[in-house]
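Novice: The primary structure of each chain is shown beneath.
There are 2 protein chains.
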Amino acid sequence: MAFSLTILGSSSGVPTAGRNTTAHVLNVHERFFLIDCGEGTQIQFRRFRIRFGKVNHIFITHLHSDHYIGLFGLLSTMSMIGRKTQLHLFAPARLEQILESHYSLVSDRPLFPIVFHPLDSAGPTMIHADAHVEVTSFPTRHRIPAWGFLFREKFRPGNNRALQPRSFAHCADGLFNPSLADILRGVNLLYHEATYLHDKLERARSTGHSTALQAGEMARISNVQQLVIGHFSARYKDVTPLLDQAKSVFENTSAAYDGLTIQID
Amino acid sequence: MAFSLTILGSSSGVPTAGRNTTAHVLNVHERFFLIDCGEGTQIQFRRFRIRFGKVNHIFITHLHSDHYIGLFGLLSTMSMIGRKTQLHLFAPARLEQILESHYSLVSDRPLFPIVFHPLDSAGPTMIHADAHVEVTSFPTRHRIPAWGFLFREKFRPGNNRALQPRSFAHCADGLFNPSLADILRGVNLLYHEATYLHDKLERARSTGHSTALQAGEMARISNVQQLVIGHFSARYKDVTPLLDQAKSVFENTSAAYDGLTIQID
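Chain order of the listed sequences is A and B.
Numbering-wise (this note's numbering), the first sequence opens with residue 348 and increments by one.
Numbering-wise (this note's numbering), the second sequence opens with residue 348 and increments by one.
Note that these hints are calculated values from the structure, not bench results.
Note that CB positions come from ideal geometry on N, CA and C, so glycine has one too.
Derived DSBU-like pairs (lysine-lysine); straight-line CA-CA distance at most 30 Å:
{"no.": "1", "chain 1": "B", "residue 1": "Lys401", "chain 2": "A", "residue 2": "Lys584"}
{"no.": "2", "chain 1": "B", "residue 1": "Lys547", "chain 2": "A", "residue 2": "Lys431"}
{"no.": "3", "chain 1": "B", "residue 1": "Lys431", "chain 2": "A", "residue 2": "Lys547"}
{"no.": "4", "chain 1": "B", "residue 1": "Lys431", "chain 2": "A", "residue 2": "Lys584"}
{"no.": "5", "chain 1": "B", "residue 1": "Lys584", "chain 2": "A", "residue 2": "Lys431"}
{"no.": "6", "chain 1": "A", "residue 1": "Lys401", "chain 2": "A", "residue 2": "Lys501"}
Pair ranges (Cβ atoms, derived):
{"no.": "7", "chain 1": "A", "residue 1": "Tyr450", "chain 2": "B", "residue 2": "Ser553", "range": "18 to 28 Å"}
{"no.": "8", "chain 1": "B", "residue 1": "Ser595", "chain 2": "A", "residue 2": "Gly365", "range": "38 to 48 Å"}
{"no.": "9", "chain 1": "B", "residue 1": "Ile491", "chain 2": "A", "residue 2": "Ile461", "range": "21 to 31 Å"}
{"no.": "10", "chain 1": "A", "residue 1": "Ser351", "chain 2": "B", "residue 2": "Asp467", "range": "49 to 59 Å"}
{"no.": "11", "chain 1": "B", "residue 1": "Glu447", "chain 2": "A", "residue 2": "Ile530", "range": "33 to 43 Å"}
{"no.": "12", "chain 1": "A", "residue 1": "Lys431", "chain 2": "B", "residue 2": "Gln444", "range": "27 to 37 Å"}
{"no.": "13", "chain 1": "B", "residue 1": "Ser468", "chain 2": "A", "residue 2": "Ser454", "range": "20 to 30 Å"}
{"no.": "14", "chain 1": "B", "residue 1": "Gly505", "chain 2": "A", "residue 2": "Arg490", "range": "43 to 53 Å"}
{"no.": "15", "chain 1": "A", "residue 1": "Glu549", "chain 2": "B", "residue 2": "Gly470", "range": "51 to 61 Å"}
Derived coverage of chain A by chain B (criterion: at least 3 residues anywhere in the stretch with Cβ under 8 Å from a Cβ of chain B; other residues may be distant):
{"no.": "16", "region": "364-374"}
{"no.": "17", "region": "407-418"}
The shape of chain A in the complex, shown without the other chains (with noise of 0.2 Å):
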């Protein structure tokens, strides 16, 4: 059954015309998690053929309006294609202000019910947890507060006792950051932001971003098994030395791109 991510956007601030902000869903078991939701994540939820009636949960990792902006358009969708399931929003505390003021100057509020849960743990903390997955957030060190997701799968289904469960962590914007490790440390796939080229590390570290490098780095200090990196500065037209230079670190890498669907077996 299926334990899979798809990248909907994988460039940072500003999108570009084949690289949308971030959004990232995972599949697990066929309940679909949102993970950050930026402009025209609904558009490609349609493009990729993946069905956000069956998201019931999303997760912001923080407020900058690349992370969350595609909400009002796929709250605004939902609602209008008559979705009444009360939906999970998991996000730093000041979002649910956003979107009650926003609201209560337009008409456009969603029809269905939006459960708030705020994100303010200063520590490791389980968030979610249901038959299928448990949700742990985690803080990650930005310029504004923000926090990563770690999913692991409760079982995993079929007949092979011997195949274990399976973990994704998803760590957004964020400096490089080696306190991590204990909490990654192993996952079957790690999603690490990887804005710049090592060559501009003083620019990552004023605007609390990581390099390919260290996002290489962070997944071999932490054993996982497989990285994807992702967000990466408009200024790459191509990715390919950003992935090279992951790989240097840690070779079971690859760079995100929309669309990219990766299995975790």
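Chain A is fixed; fit chain B onto it per the hints.
Specialist: Then chain B, alone, in the frame of chain A:
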């Protein structure tokens, strides 16, 4: 010298894989006027290779989210890539509150000046004039306050004195409204919404929209030269029947698609 309309989004409230929500760019002598700004507008600019740095005037017809929500991403990107030039924003008054309440809660406020021009008139009003073009707003009849826009070229560059200045009228969401014929009379190009086929007339009326037949009729009674219809309901995978219906009343009609450019000669 250019006087042309490019369609950036031709769907109604719900975008599809091939049709974004509403946004149009009028090129008047290489000065770009953006009319509405649905989700993903900045990405459409890039896709169709139109430089949004040349946009200094944005016109928002009304405050349904599929007509303005793309402003957040567009303004954010304009700011991130270093825009300093002031931007004129013509929109229903409440948009200023929407932007202000949003930016009071997040750290993404654009770093360039935005000059807000509230639309509030009950009749045709000239809202902008420069050396190249005059813009008149006029109220349309929708579920919430809404305005259309008439653009008239001030002079026609070139040596052929027989050529007349050109004009474009934009009628976004609204009911069939024959009283607009006086304003629209004889324009070179009319954009008119055509959300539904005429068999959905009751639905069109209850939602404040027009049918393709009504769009054609509006063009006919206004004696315009050319009509383009858009804002198609996502239910129509193929818009040929909408085009045929409008053409049955007004022959010189085109159906909008994302990326269509109509040169007005």
